[in-house]
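Asker: Here is what each chain is made of, one letter per residue.
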Amino acid sequence: MRMKISIKNVKNKFLDKLRELSGENIYACYQCGKCSAGCPSLSEMDISPSEIIHLIKLGQEEEVLNSKTIWICASCFTCVTRCPKGVDLTKIMEALRQITLRKNVDHVNLSSIPKKALSQFPQIALISSFRKFTA
Amino acid sequence: MKISYFPGCTLKTTAKNFEESALASLSFLGIDVVELPRWNCCGTVYSLTDDDLMHQIAPVRNLIRVKEQKDTRVVTLCSMCYNTLKRANNLVKEDEEKLNKLNDFMYRENVKYDGKVEVLHLLEVLKNEVGFSEIAKKVKRSLKGLRVANYYGCLLLRPPEVGLDDPEHPTILNDLLHSLGAEVIDYPYETECCGSYHTVVNVDLVVERAYDILNSAISQGAEAVVLSCPLCNFNLDNRQKEIKKKFPDFKGIPVFYFTQLLALSLGLDERVCRFELNFVNPYPLLKSKHLITGA
Amino acid sequence: MSRIGVFICHCGLNIAGSVDVGKVAKLINKYPGVIYATDYMYMCSEPGQEMIRKIVKEKKLDGVVVAACSPTMHETTFRNTVASVGVNPYRCEIANIREQCSWVHQHDKEKATEKAQEIIEAAIEKLRLNKSLTPVAFPITKRALVIGGGIAGIQASLDIAESGYEVILVEKNQSIGGHMLQLSETFPTLDCPQCIATPKMVQVDQHPKIKLYAYSEVEEVSGYVGNFKVKIRKKASFVDWDKCTGCGLCIEKCPRKVPSEFDEYLAKRKAIYTLFPQAVPNKPVIDSKSCLYFTKGRCRICEKNCSVKAINFEQKDSFVEESVGAIIVATGYDLMDKRKIGEYGYGRYEDVIDGLQMERLLAPAGPTRGIPCRPSDGKVPKEVVFIQCVGSRDPQHYYPYCSKICCMYTVKQAMLYKHAVPDGQAYVFYMDIRCNGKGYEEFLQRGLEEDKILYIRGRVSKLFKNGDKIEVWGADTLTGRKIEISADMVVLAMAMVPSEGVKKLAERLRIATDDYGFLTEAHPKLRPVESLTSGYFFAGAAQGPKDIPETVAQASAAASKVVSLFSQDVLHREPIVASVDEEVCTGCGSCESVCAYDAIEIDPIKKKAVVNIAICEGCGACSAACPSGAMQHTNFTKRQIFEMVDAFT
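Protein chains in written order, with my numbering: chain A, 8 to 142; chain B, 925 to 1219; chain C, 111 to 759.
Each hint should be verified, as a subset may be incorrect.
[Said to hold, decoys possible] With the Cβ distance kept under 7 Å, some of the chain C side facing chain A (calculated, not the full set):
hint, residue
1, D504
2, Q506
3, G568
[Said to hold, decoys possible] Distance condition first, Cα-Cα at most 27 Å in a straight line; then the derived DSSO-like pairs of lysine-lysine:
hint, chain 1, residue 1, chain 2, residue 2
4, B, K1170, A, K123
5, C, K344, C, K252
6, C, K414, C, K353
7, A, K122, B, K1165
8, B, K1022, A, K20
9, C, K528, C, K514
10, C, K575, B, K1175
11, A, K64, C, K592
12, A, K122, B, K1168
13, B, K1025, A, K24
14, C, K282, C, K378
15, A, K98, C, K592
16, B, K994, B, K926
17, C, K575, C, K489
18, B, K1068, C, K575
19, B, K1022, A, K24
20, B, K1051, C, K450
21, A, K75, B, K1169
These aren't lab readings, by the way, just hints derived from the structure by calculation.
Where is the CB? At the ideal position from N, CA and C, for every residue including glycine.
I would like the entire structure built from these sequences, with the hints used as guidance.
Answerer: Right under this line is the structure:
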């Protein structure tokens, strides 16, 4: 429960990369929680969306990248519609996923899906799933 | 009137009931939709990272196809295609540098994209080009007595700069269904996400979401759910099997594409609606409302 | 011929850090017309000013250039300094070598020094041709106009009247009192607002020096500070208030009921009505939009029952003109319309109410006698959710500012709710708690500890109706969870916005407002109760969200400004104004059309422009527009400007 913070947490490559990929300024977030309260997938997440932003500010790269949250996000855009500061959380979530995916680490495995199911899905389900979860 | 039409992959396969009912209705209403030649998958969903231009090629290429047809507007039915095409379009309209890079990359294309195509959803065309009151006049089989819950989902309405209606209290589907004579049920889950692409590997999440949405509609007295997206349709219609397994008290409810009810109410032959492709059997409901004849 | 002295300030390192002031002083000493030039650490200090006085006397200077910071800082200081030793203050020029030189060219000292020298030379050229001027004196009408009869307007009127000057108080509603009279109890003392405000209202009514125009609006204002002419529209009340005895029979007999604005649409009033029992003046008004006679041509029961024949359906709006010397704008606030918030239902849910509606439900004389009841079915709610910051602190969709009073009135309302419904539960969704007044923090803690209000830190993302409950989906950022509450009633602390119609009024008065319609003060820190337009002062929430103690303090402050204005015999105006050379002027009217202050008129007989130097603010637009050069700006003539340009080039 203890966390030691120094300037290295607050200024580092992870934050630069995040800024570059998402284009968003996480310091605009004033932790109101509206995103978490409106998130339809919240019950399946381990860390709430607003906490993710706070943890990023605290430089907790590993905890954030290893969370279930960023993979449970369904990109429904409810958060960005309601955020009073105009922070685009969907872009931050995408950037966090991409940081892992671009290391060539897939989150979903095509071969794990049974063939019968594959033929039943509408293509858009497969395409969007692979877009979000694979490298 | 004539307008370019982008179907998207799913409308040609698992969502034939969406496309055929739509095309038949449009033809009846006097709108000539011309399917784009050589269209490709729009590459749903819109890529959200700032440095990713590769994933914008697919949608922009379709807009080039529109230009090749010497047209300035394209209509689509699928919410996901609508959102992806429109967002990609907005991106290149605002960022000339990105547009130039894309055009350079697609040097093999005959035409360069100039950001001047407008992406429309069928609902916008019905509202603005035809007018709901005009449609009401052409209704032959009123949906009177049918209580519907319209499900808008996410990508039709959000983010607000792309959405075609107010994201908190949208009315466009409600207005359309009113003009067809149906009674529209108000329920709080009409804009809550169905779980989207999680249906591939996290079925449980989708089951939870779909149950909340459908149950809310049923508890407010809805007899049918009406929507515009093949993925939402899969999650709310096909997944009812899994919902029943997890929630044995779940009553079930037929799910329609709005164009199926549109075609039906305009008096078209019910075969264009391809109801046999709907997962939850809609025939008992439709028969009880005297909306279809025969067995 | 000129004997000019140049004094160059170091301003510590502010100027000397980028400009070589010693070098500039040496070079300027050789400039034609300069008798003396020197540099000094802090010209504005007492020794600095003493130095100027000494040199002026010794060297018999007839003009002084002080090269220092912006004239907005110390022009007045140095003008007074030279005036004290017999040099006309308008023969003192400020050369800004700080904001316009040293501060913006910190990285190029050589060029900065060169530029500083040029700026000073330009100032010298201007000074050479400067005329000695005397401020013009005008008489002052020692009567004040106060627009708005809420607690701010009432306090300001009383303060001015007690100082012996006449006050015209104009209030658009039929009674003074404003929103304060609608409140249940006031924080942090839980005082009854009607009890503390009504004595002041009666004082206003009875004060020999206050002329009250209720149910009236300011139609037009012309003139200038000390000499305003105000046209006031007295709206038709359709009741002759001189004859009316206030017996109330007309109200009793009236058959038509409509939603009451005073009760925030939670109760009904009659078509003929007074605002509340302690209204000042306590005379009724007929609402022509709902009255059966005006809308359908029948009834007239009030007229039949009035024993003094005070009802007059033919009454029309009338106009009066008043002359005043100063105007206080105290138009107050409104709450943002809750129908604008999509995620909270666009105002469709009856049991989702705003702060003022809750005040009426809690008010002992309110529609539910102080026990809050649900507007939908009248039942007493057992679980009430309060949501703070609705519309405030939301730069993306609504207003970026904090409305200041919501944290306090929310805890007050939650406490009063618990006192009225002891077995109920209050929840407050908050982002921060702002309790920065005297006794405020203690008040909050009392609410938390004694009344056990549950404070949940997070905003509410969505709420919707579910059966007869309101489902509230909020966040608890302290535990990272989503909180779902099935509430019986929800109270929204809506953002505070300026009173309706203020933007249009401000345009008519020619005073500035900010983007949201709040009146803009002359300086946010040091001049909070006055406008940059002379003669206008502000009090209360019209200038920005504030609570009652601050409003009353500001009202007294504005009153003191007015009284100090009236304590002078005459008003002096800056003489740096536009002036017309009548022999060159052809009466084309270009100047008149560009003047933002309506200070120029074309004399119809002589066909020459005439400048009203009392209103002219010296902006220079007319001199720039004048095609013949007949209109010149005193001490900023075309010749002077060209000489200055030459100094630079």
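Asker: Hint by hint, which ones does this structure get wrong, listed from lowest number up?
Answerer: Going through the list in order, the structure violates no hint and respects every one.
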